Every structure is written in C-alpha cells, then in structure tokens.
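Residues per chain, in single letters:
Protein chains: 2
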Amino acid sequence: MTITGDVMEDFSQWFHSILEEAKIIDSRYPIKGMSVWLPKGFKIRKYVLRELERLMDKDHDEVLFPLLIPETELAKEGIHVKGFEEEVYWVTHGGMKELNEKLAIRPTSETAIYPMFSLWIRSHIDLPIKVYQTVNTMRYETKHTRPLIRVREITTFTESHTVHETYEQASQQVQDGIAIYKRLFDILAIPYLVHDRPSWDKFPGAEYTFAFDTLMRDGKTLQVGTVHNLGDTFAKTFDIKYEAADGDHRHPYQTCYGLSDRVIASLIAIHGDEKGLVLPPLVAPTQVTIIPIIFKDGAEDVLYKANEIKDILKDGGFRVSIDNRDLRAGKKYYDWELNGIPIRIDIGPRDLKNNKMIITRRDTFTKEECSLSEDIVSNLNSCLSKINTNLKEKAWNFMREHVVEIDSSDKIEEIVLNGNVGLIKWCGGYDCGKEIEDKTNLDILGVQGEAKGECINCNKNAKHTISIAKTY
Amino acid sequence: MTITGDVMEDFSQWFHSILEEAKIIDSRYPIKGMSVWLPKGFKIRKYVLRELERLMDKDHDEVLFPLLIPETELAKEGIHVKGFEEEVYWVTHGGMKELNEKLAIRPTSETAIYPMFSLWIRSHIDLPIKVYQTVNTMRYETKHTRPLIRVREITTFTESHTVHETYEQASQQVQDGIAIYKRLFDILAIPYLVHDRPSWDKFPGAEYTFAFDTLMRDGKTLQVGTVHNLGDTFAKTFDIKYEAADGDHRHPYQTCYGLSDRVIASLIAIHGDEKGLVLPPLVAPTQVTIIPIIFKDGAEDVLYKANEIKDILKDGGFRVSIDNRDLRAGKKYYDWELNGIPIRIDIGPRDLKNNKMIITRRDTFTKEECSLSEDIVSNLNSCLSKINTNLKEKAWNFMREHVVEIDSSDKIEEIVLNGNVGLIKWCGGYDCGKEIEDKTNLDILGVQGEAKGECINCNKNAKHTISIAKTY
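Heads up: the sequence lines are chains P and W, in that order. Heads up: the first sequence begins at 793 in our numbering, then just goes up one per residue. Heads up: the second sequence begins at 793 in our numbering, then just goes up one per residue.
No lab work stands behind these hints, which were simulated from the structure alone. Since this is a predicted model, take the numbers as computed values, not measurements. Hints should not be assumed to be uniformly reliable.
Copies of the same chain look alike in the list, so a pair counts if it works inside one copy or between any two.
[As the list claims (entries may be wrong)] Using 25 angstroms as the maximum straight-line C-alpha spacing, the simulated DMTMM-like pairs for lysine to aspartate or glutamate come out as follows:
no., residue 1, residue 2
1, K838, D851
2, K1252, D1230
3, K922, E813
4, K1033, D818
5, K1186, E1229
6, K838, D853
7, K894, D1089
8, K1033, E813
Start from the sequences, fold in the hints, and give me the full structure.
Right, dumping it as structure tokens:
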C-alpha cells in the first residue's frame, strides 16, 4: 500500500491515508470520532508533550483534576454552559442504578477546577496560581468528524488555568500564554496567525479570546490553540475571593489557554509529502536511521562500523536505529520516507574503504558525503538544526504566500476559496461582521491589526484588519 | 496544622492526614471517590510513572485507546461483563439527545482493545503483540471510598495487554510481567507477596490471576498489582485469529496486567512517619534541599557556597533546591520532614570556616559531616543509595515479621486481626476455601507455595500453603 491522495489536490484523502499508512492512529475504533493512538503516533505525541511540558513547567504546576463534573457545577456559569450544552456527554447510571445527579464528562475543565480554586484561595499570598493538566475531554460533535482534527474524544487536551490579583496581571498572562505557544509552534515548525477572535466567536464566558490559526494545504485554516482572558466572570460565579494586602476581599481575575490533538494534526499535515511523514527533529521518534549496505564481501566490517556509528550517536543524545532487516535497500528507503525520519545514513563497503558515509535529508532528499574521521555528532546536530530551519521557512513561506489582501467585497469568496486567507478592512460592527460571514459563507478569524480606510462591507470607517477564511 | 493520627495506632486517620498536609491530593472534589492531584502529588506520580515506563518500554509499545466502550462490545464476554456490570458508569446522552447505544466508561480496557486486536492480527508474524497504556478508568464503588486506595476514578491505570501464538508463551509472559512489577516495587522499596489468587477471586474471564499484595501498617493487605493469563477466552469471544506457520488458523493466547494509583498509595503509606512523607530517592520530587544558616555576618558567603553546591548537584543529576525563604530554620526543617526530601544539607558560617557541610538523612535523621573538598556528587549518590536500601530493608522486615504461620483454625482470627498475614495449609477445595473465609470473615489471598500435612479446616491432605488476611 502507498499513500493515496495528493497533498495539494486531495488533501483530505492524503491526510487520512498518511495517518493510516504511517500508523499514527487507527480510526476503525467502533465509536465515531474516537481513535486509537498506535505506537508510532503515540511516540510523536509523547515528544510533542515533552516539549510543551518543558515550556510550561518553567512557571506552571502540573495537576490532574477528575474526568467528571456534577451537573450543578457545570450549570453555574450560564454563558459557559450554553456554549457547551449541545456537546456534553452525560453519565446517568452507575452500574444498574440511576445516579442522583447527572455527571458531565468534561468538555473542558473550568467548572471542575474553579470550585477547587475557591477552596484554595484565601489571601493575596496564594496568588498567582498557574496550573495546567493534560487530559482527555469529550465533545459530542454532530458535524462530520475527522481524525485528530474534529473528534469526539480529544485525547490530548493541555489546558492551563491561572488566577491573578488584578485584571492587568491577567492580561499580561494572556500575553505570556501566547508567547509560550509561539515558542512551541516554532519548535514544531508550525506557522501561525494570532487572531483576536470576534465577539461572537470567543470562548463561552471569556472577556476576549486570542486564537492561533494555521493554514492547511487545502487552504482551510485550523485553530490550533486558544488563550482566553476570563476577567472576573468565573470568579464571581464560583465565589473565588482573596483578601488583598489592604484587607479588602476581592474577586481575582483569571485566564485559561489550551492546546489539543490538533497540534499533532498540523505537524503531520503541514510538513508531510506524497512519500509520507516529514517530522521536525525534536519530535521524531527516530531521528537517524542507519542503513548498512550489505554485500557478501565485507558485510561484517560494515555492520561493525554501522553499530559503532549508532553508539556514538546514541551517546550524543540522538534517537537512532539501525535498519538491518533482511530486505532490499529500496524497501528500507521506502520505510524511512514513510516514517519521516529526518536523517538517513547509508554505509557500504566502498564507503568504508573511502572512510565516509552518505547522509540523506528527508526534507530535501539532498545527499552529503561525510568523513568518518570528523565529529559525527556535531555534524549531525548541525544537520538536524538545518532541517528544522528549512521546515520552518518552507511552512512559513507557504502560509505567507496564501495570506492575501482583498480590497473589494466581491472578490472575497473567489480569493479565499482559491486556498487563501483573506485580509480585509472592517468597521468593527457586530452586524456588519456577521453580514460579511453570511454573504460569503466564510469565517472571520478575528483582528490581526489596526486599519485605515473603508470597511470592505459597509464602507464606514475601517477600524481593524481582519482575516477571513474557510475553516475546519 | 500537623499530621493527625498515629501511623500504627490510627493508620487510617494518619494516611488521610498525610495526603492532606503534604498536599498530595485534595479529596474535597464534589464527587465522592474522585480527587485532585496537587502539584506535589502529581510530581511523585510522574516520577513513579517514569520508572514504570522505563521498565515497560524495553519490550512493550505504549498506545492509547478511547475512554468509551460500546455496550455491545462490553457485553460480548459474558463472565467478564458479569464481573463489572455493577461497577460500570454509563454514558447515555450526548448533548440533549439520547444516544442510540449506551457507552461504558472503561472499567478496564479488554473490551476496547481486543476488537482492534482482531483487526491487527492476521498472521503469526504479527505476534507477539505487547502494548500498554496509562489511562483513567472508572468504577462505581459502592463500598466506603478512600483516596488513592478505593476510588471511583482510577486516575493512573497502567494496563498491559499481550497476544501470543501459544499458551506456553502466554504463561511465560505472565512470569515476565511479574518480573517487571517486582523490579518496580524494588525501586520503590515496596515489599510484596505474590499470590496465585483462588479461583473465586481471579480476574473475570481469566484462566488464573497472580496478584501482588503488600501490607499496610494497620495489618490489612492492599492489592497493588495483578497479572492475568487470559488463555484463549477473549480471543474466541472477539474473534481474534492468526494464520500459523503451518497455514492453520488458530486463536492466539493473551495476558493482561495492571497497576494503579495504589502503587503511590502504598509508597506513601509504607515509608511515611508521624512527621510526614519519607520518599524513595528515585521518585522524590526534590532529592536534596540545601538550608543556608544565615546570620548577619557572612551571609553572603554562605549563600554563595549554597548556590555553588546546588549547581554542582544539579549538574550531577540531582533534583535539588535551596530553601532560602525568610523563615526560621525550625519551620524549614518541618517542611523538609513533611515533604520527605531524602537529604537535607545545612551550611552555616561556622561550617564554611571548617570547610564542611552537615548532611541529614530523612529516613534515619542521622547526621554526617562532609568535607566540601570531597566529591559531593559521589558522596550524595552513595547516601541516596543507602537510603533506598534502608527503606527497602525496613519495609521488608516489617512485612516479614507480620507473616505468621498458623496451625490451628481457632487461632486464625486472633492472629490475623492482630495485624498479621496468616499462612495456613489448605486442601485446595473450593467449598473448604469459601468456608474458611466465611467462618473467619477474612480473605484468602491465594497460594504462596506447596504444603504437606493437613488442611487447617477439613483436615484432609493439604495441597497448598495459602495466605489469609484482612484486606482493603
């Protein structure tokens, strides 16, 4: 079997096919929208989480809250519950018995966490609180589901929750959250646009929402992360109060921000090609594969050298393997490509004689001869770093080329449906914004910056430059 | 606040108190039997899982299956579902809509995983399969719940599932599973008895079950791990078949084995004392705390040296912190004890002059002077290793002293209720075994070895030495 579907022409088929062929997940699980993480996919997930945790652990504490939320808690915050009531899975029975109170499987954990915050927070010295957890959450999606992108079980939801004395500190935390996510996306070579979501698309209960959007190869944007300023809305609802230094009792201000399986989806979707995965080195389960080219003569020497190189690289901190399966080289190359291993090393008897090995990069397929006397570790480290830079540049260039200024409302649909994010000028009016969306059947992603001139729709004074796109 | 309850006299109160005081979990979550992992507890959990994963990853693949199981799959294996039907949480609604089919929250994942195995396995070259996952599972416990010990959400269930061509290979895997768990418990200094569970207490659907039991300070045993040989029962139920080398199609043989939050419960319960946690070094969130003894004179020099020691230890791979809070030393010592940090280093101006520091062990409270010119890293490494050995010996000695041979049936209750595991001789008969349990109101843990002589209950020929105990 090979990957079916062209990355550009039939992205959806290609994405489904690569998940299957590269054994990332198995979507044949007998419940719609729920899939199995296979060993290879799980490893990518693990390394992505490791990078995220490294960033988070600098000034957040990791915690773990229960899966289930009592109906009374979920229902407390009116706007919030309204936003999720169509999507919540309800547990109604324990064994043969009906429960006294229905329990919601968390769609997100504000209403699980904030009642505990109200117990934890007494004084200003308890603040700030910055915690995060990586958990499974559930959403009863009625739309068409799609592995890792639109699922009913989000298996990898890393949600952060912070509490601060003042609104300003919460606003600053929103910026800090954005900065952390930018660093993660840079590590993963995922390009992003950060949008201040329009009021009708913010997180239910939030003051405002910043969202990270990236662009898939089919021209549709994918929301891959969100950062919310919650103001003191939830603090009031859940009766969270602290005694300030001046003795006053006040409600603190909160933020929350989260990432999901979609980070891994975009990682795969953005870098992959017709031959398979192309993985950023830091999250590749195997970073280097060594393929010994074996003939009858000198096989032992080649294997010995291959193992020696493996040991040197392992000691140097690389995730490295030798492919010494009894298969022809073509099949091994095929697997190397499919699995997106950043670097392939070929070494045969002739190379040995010439004291060299051949390094091939998965991202460019360029080959390089490398002396065996040189510092292999430092050579390969610099090669991995070049790969990351190249992946990042390529991906950013692709996205930048597809962000297009549009100055006339009758061109919006054509340009966007041609695979672009449109930049348009907008007056900032709610009705006008909704009208743009309705007319074009597209989504306003939010504000990217200030604007002068005329609103593209109502011709009033423009306030913002906003992005408009077809979204997942 | 301090820890209430004496470890030996009022173990239950002590255990509850230490979880609260040392901020391991918060059990005030508004659903019975579900708790929050606090930052410190979460770190211990993380390091325990790290050790377990290190052992598992040697020849298992980590995977992740969905949380929910369709009713039809759960119900397929009759004996299995019978064992869990009283305990399963049922999801019946998605949003406002009733689901077409009820979904069970996994109580354990056989019926989630094995339908996929039937898709994955075609030929003998697909075998063996050895996978594991760490997930949250749910059991609707009707008994009295107890944090980390008897819970409704098992937050940390590491379950392994393997598939083999032959029954013998599955039996061997059971032994391999036992060996892995023994290594983990040794790392955690948790003593154990391995029992072949009686037929009426094996895993629902298994051929036989080996279980790890450890002894709590109150004389009750706690099951901390199980390893099951499933034979081909599930393979038949879920239509798992492979084509053997000879072309025949056969059902493979399976095993499964699991550990839960109880590993962390026993870690805390077995080593802790009236002053707080005592943690095995490998899983201690902080392994060394440095307390600079500050007076007006020479404070700068002391802090400089303390930081230097910290850096040396950090580079040496220790998890180390400096407690330079503006508090009196007594409060810092109190926290050091409560948090179970294996090693405390005191360093003051007089020590500096004498070119030494004082090392205090949390497990024994013994102090040692240590020259600052010596190799600190190797000194402390050997100290940590001594701590682990001591914890292990102490815990094993306590358990061994409380495993008592009993030769007369009228002594069983008295001896066991006095805080011991009783060793008795048994004929092996089902009715006789159940009679022993009924008469004494105790539990037979299972077979420990062969026996000669008379059954303690029916006086027939004894076959086995079995353990009898009060259990959690």
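Going down the list of hints, with the structure as the test:
1. K838 <-> D851: both (21 angstroms within a copy, 17 angstroms between copies)
2. K1252 <-> D1230: within (19 angstroms within a copy, 86 angstroms between copies)
3. K922 <-> E813: The answer is between: 21 angstroms across copies meets 25 angstroms, while 40 angstroms in one copy does not.
4. K1033 <-> D818: Close across copies (19 angstroms), not inside one copy (46 angstroms); limit 25 angstroms.
5. K1186 <-> E1229: Answer is neither; intra-copy 31 angstroms and inter-copy 70 angstroms both fail.
6. K838 <-> D853: For K838 and D853, both the intra-copy (19 angstroms) and inter-copy (12 angstroms) Cα distances are at most 25 angstroms.
7. K894 <-> D1089: The answer is neither: 72 angstroms in one copy and 64 angstroms across copies each exceed 25 angstroms.
8. K1033 <-> E813: between (53 angstroms within a copy, 23 angstroms between copies)
Violated hints, in rising order: 5 and 7; the structure is consistent with all others.
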